[in-house]
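**Student:** Given the coordinates of chain A, assemble chains B, C and D onto it according to the supplied hints.
These protein sequence lines are chains A, B, C and D, in that order.
Residues in the first sequence are numbered consecutively from 1, following my numbering.
Residues in the second sequence are numbered consecutively from 1, following my numbering.
Residues in the third sequence are numbered consecutively from 1, following my numbering.
Residues in the fourth sequence are numbered consecutively from 1, following my numbering.
The hints are simulated quantities; they were obtained by calculation from the structure and are not laboratory data.
Don't take each hint at face value.
A pair counts as met if it fits within one copy or between any two copies, since identical chains are not told apart.
[Said to hold, decoys possible] Pairs of lysine-lysine residues, derived as DSSO-like cross-links and limited to a Cα-Cα distance of at most 30 Å, are as follows:
id	residue 1	residue 2
1	193	265
2	193	236
3	212	193
4	212	52
5	212	236
6	265	52
7	212	265
8	255	193
9	255	265
10	110	255
11	265	82
12	236	82
13	110	52
14	236	136
15	52	255
16	52	236
17	110	265
4 protein chains.
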Amino acid sequence: MKTLKYARLENNARTIVTVGSVQIGGPQVVVMAGPCAVEGREQLISISSVLKAMGAGMLRGGAFKPRTSPYSFRGLADEGLKMLAEAREVTGLPVVTEVMDARDVELVAKYADMLQIGSRNMQNYTLLQEVGDSGKPVLLKRGLSATLEEWLLAAEYILATGNHQVVLCERGIRTFETWTRNTVDITAIPAVKELSHLPVILDPSHGTGRWKMVPPVAKAAVAAGADGLLIEVHPKPENALSDGPQSLTPENFQKLMNELEPLAKAVGRSI
Amino acid sequence: MKTLKYARLENNARTIVTVGSVQIGGPQVVVMAGPCAVEGREQLISISSVLKAMGAGMLRGGAFKPRTSPYSFRGLADEGLKMLAEAREVTGLPVVTEVMDARDVELVAKYADMLQIGSRNMQNYTLLQEVGDSGKPVLLKRGLSATLEEWLLAAEYILATGNHQVVLCERGIRTFETWTRNTVDITAIPAVKELSHLPVILDPSHGTGRWKMVPPVAKAAVAAGADGLLIEVHPKPENALSDGPQSLTPENFQKLMNELEPLAKAVGRSI
Amino acid sequence: MKTLKYARLENNARTIVTVGSVQIGGPQVVVMAGPCAVEGREQLISISSVLKAMGAGMLRGGAFKPRTSPYSFRGLADEGLKMLAEAREVTGLPVVTEVMDARDVELVAKYADMLQIGSRNMQNYTLLQEVGDSGKPVLLKRGLSATLEEWLLAAEYILATGNHQVVLCERGIRTFETWTRNTVDITAIPAVKELSHLPVILDPSHGTGRWKMVPPVAKAAVAAGADGLLIEVHPKPENALSDGPQSLTPENFQKLMNELEPLAKAVGRSI
Amino acid sequence: MKTLKYARLENNARTIVTVGSVQIGGPQVVVMAGPCAVEGREQLISISSVLKAMGAGMLRGGAFKPRTSPYSFRGLADEGLKMLAEAREVTGLPVVTEVMDARDVELVAKYADMLQIGSRNMQNYTLLQEVGDSGKPVLLKRGLSATLEEWLLAAEYILATGNHQVVLCERGIRTFETWTRNTVDITAIPAVKELSHLPVILDPSHGTGRWKMVPPVAKAAVAAGADGLLIEVHPKPENALSDGPQSLTPENFQKLMNELEPLAKAVGRSI
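Chain A on its own, in the form it takes in the complex:
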């Protein structure tokens, strides 16, 4: 691909993305945590307050859920968005949530602080353009089988609209290995730092698909230079409507946060 062209900043400066009071790409490692899907108002507000107290910097939760089968739970939509906004009011945590359809961008942008583009939509170019035009910060997940180059060029679709508030999220790629849900490409973290000016975070929950693997892989990401983490936490993973097996309990999340602190310090960051 000789026509490759990534936008560059002057003097090789790096982009810092600002979401509410949070800065991604600066000295602090930002932990975005929350349930896979928004399942109910009280549950969400309760877990959000707990996560805030444990050190989470942002709240994640899905209102629109992409599901492989049309017969699975597909999210609470508008209702879910309102609950997320309410949880932000209560906790002060900025909210990141997925948008799947270009026609929903305006609606989601009304409630969320950051728009997430999921893996399946990484090359949904009209959606990329629309979130770019919204001016909101964007979290761009890597496609299941996207090369680094394709991922960075997808980001370029957003950057080309003039919106530079883009954070990349490695979330595991599809390989032959089946013990894990996906294969976390840990090298993607330093590779993005080498090839692009954008911040990059890691999602160990989707990346591994097994909650026991989440803490060691989260630690690996911080050691490798990640600017943040996206972690699924559910009060009762065994009852979750989606992604239970990869969700941490609040207790395990607290334990992980405690372990991450000295690690972040060891690589010159805070958390």
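**Tutor:** Frame of chain A; chains B, C and D shown alone:
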């Protein structure tokens, strides 16, 4: 995935999809041919007439082109659609073309006889729903790294709207092999026949990325039971705005058609 | 890899490999059939005679079996080799069988007509050298994740000994798809024809791992230009000590041979 | 996977492997460093002393080199082994080196402290048995496309001989991504800890294929719980006979060792 649920027909009947005067899934192997992208009016009409004379059953051509980089040629859009419709008037060949955005479904459906969902959008669920609702026949390409199950469940999103006019298209999956653009999963042809009631065709052009590989792989597909082929033909592949290296010249297309005839007969089909 | 160097024949001639009275790479498509593992004397002789009558050109069967777990059945070794030789005496079919250890090459070469290098050993370079030095015809299976280039360079290890009697065997590569045991790379057939002077055959049994997929994929291989097929047949697949699910019954093998005949003719070959 | 059987230790104890004065699997993270291939006596002794002074715990270097092409440099063989033994005398660092042929095990075991099984030979079962029988500690690299299960079952071939001195080495798997040489499966580190009693280390040099990626990925491995690292260091990477692009200079190795120290401490280990 225990929740797997594919719709079934009574008595294990198989679906036949009707596009204009063409039937896909019946005794005839349908060859859809044309340029990757619509590049100009005269060129399109001229090549369409040639393809028709050589035995093509449908015309393919892109008006909206998904491109990895935002800086590549992205298609003629509305103008391209009109040219395709005009080529149909002249030749009588039904037209299949890609739609990438749910908001364009109505527009594309006005001009095309069959709506194509490209690989990158196989799990763009709102788009699947929209083409389903349009009532038009749909050509659903397999995602670059979609399992057979995910592909069939994506089809289910369309079937769930009540629109059963769906044809599946294997177009190569992403593997470690780089000599070919993708790896054609030839077993997908009999696998779809085993698992689903829908017709299935093969795209050897995208599947291999090399025009010299197109004829042998096209023959393999017919021998394996494919209901059709999707083949890129360009009057001057070396000047094509996209996908030149994988396009056949009209001469080579004619040669392939001649070779396919006895093969189709050998497996009890016509072409 | 800039140092790539494949040996070439003068005038782009193609190699024909002679095994007993059989020629691989000539006008005839050679079908090598037999059980995965040699399990017993009488069973082997009985099935060999049946296969011979049905049109098989060579007999396959494993005496040394590579197994993922050390606790699985690992073959009858010397006893198995003697049974294979006896089956050849009875039927006249040349025998191909796997050798896994450089120290066994002499022993296996004493009984077999063609030495098979299995997928796991494609880059076992000292074994390649040893089978090369034996002067016997070699069947070189593609490694599970070998690129075309690595496969052809592995062949080069044998050719470099002066032994040019090498047949390549595509047997499926490892990908993310799990419905099939491996993914048959059908394009490998014409690709080898393009890049090398060596004959190439296909093993649809290991390639698909499902007996129902074997006939359509075998037909695809012949249509794509394969010089032969390697097919597992077992009198009672449900009782096989290994690879039962991918073995044809003799009845299904007969049916396949009947279907292959007109196909071979349609591509200008006999079977 | 019903026949899966991994040996277990009583009370879920973990194995510690002893190589000379070095313990792998204990509190210390062991760094094995050295050139890809032994290229000459003086160069090797000189670099070994430097690495020792910088904190390396073991010396690595290839005497027998598996090469994709038979026309590449294939190692100094016996001469290389003697140089490695001499470097050990001078520095006191235990030596790990690859053995590729069952017939060479006795020879290599005479000079080396630990026998390495390379990726290409992970399922070379007669070689596994032979290194098992040698009684020497073994470093078992993961095959290029081996699942966790296949890797652990390959280890079982060695364990079944009664030799329990086995260390596993993740070195990247083959995926579609081509910017890196392989894709480091970082989750393999905690996965091995979960599924097996054996120590596990990581080779970021082969895993990434780019020296700039080696330090961040080495740090990720330590954070994820690796018991050691295998790192290529060459005095002049641009002149290396193999693997130059992925080799660190001694200066960069020193820098990495300095950065690893606080990280190891942060996860409760020393280095």
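**Student:** Against this structure, judge whether each hint is valid.
**Tutor:** Now for the hints, and whether the structure bears them out:
With identical chains, the CA atoms of residue 193 and residue 265 are at most 30 Å apart both within one copy (19 Å) and between copies (25 Å). For the homomeric pair residue 193 and residue 236, the shortest alpha-carbon distance between copies (26 Å) is at most 30 Å, but the shortest distance inside one copy (36 Å) is not. Taking the shortest alpha-carbon separations for residue 212 and residue 193, both the intra-copy value of 28 Å and the inter-copy value of 11 Å come in at or below 30 Å. In this homomeric assembly, residue 212 and residue 52 come within 30 Å of each other (Cα to Cα) only inside a single copy, at 22 Å, whereas the closest approach across copies is 36 Å.
For a Cα distance limit of 30 Å, the shortest separation of residue 212 from residue 236 inside one copy, 15 Å, qualifies, whereas the shortest one across copies, 42 Å, does not. Proximity of residue 265 and residue 52 under a CA criterion of 30 Å is satisfied in both settings, with 20 Å inside one chain copy and 28 Å between copies. Within a single copy, residue 212 and residue 265 get their C-alpha atoms as close as 23 Å, and across copies as close as 22 Å, so both meet the 30 Å cut-off. For the homomeric pair residue 255 and residue 193, the shortest alpha-carbon distances inside one copy (28 Å) and between copies (19 Å) are both at most 30 Å.
Taking the shortest alpha-carbon separations for residue 255 and residue 265, both the intra-copy value of 17 Å and the inter-copy value of 18 Å come in at or below 30 Å. In this assembly of identical chains, the alpha carbons of residue 110 and residue 255 never lie at most 30 Å apart, being 34 Å within a copy and 48 Å across copies at closest. Taking CA atoms no more than 30 Å apart as the test, residue 265 paired with residue 82 passes in neither setting, with 37 Å inside one copy and 44 Å between copies. In this assembly of identical chains, residue 236 and residue 82 lie within 30 Å of each other by CA distance solely inside one copy; the values are 22 Å within and 55 Å between copies.
For the homomeric pair residue 110 and residue 52, the shortest alpha-carbon distance inside one copy (22 Å) is at most 30 Å, but the shortest distance between copies (52 Å) is not. Taking CA atoms no more than 30 Å apart as the test, residue 236 paired with residue 136 passes in neither setting, with 32 Å inside one copy and 44 Å between copies. Within a single copy, residue 52 and residue 255 get their C-alpha atoms as close as 14 Å, which meets the 30 Å cut-off; across copies the closest is 37 Å, which misses it. Taking identical chains as interchangeable, the C-alpha atoms of residue 52 and residue 236 lie at most 30 Å apart only when both belong to the same chain, with a minimum of 18 Å there against 50 Å between chains.
In this assembly of identical chains, the alpha carbons of residue 110 and residue 265 never lie at most 30 Å apart, being 36 Å within a copy and 45 Å across copies at closest.
Consistency with the previously given hints fails for numbers 10, 11, 14, 17, ordered from lowest to highest.
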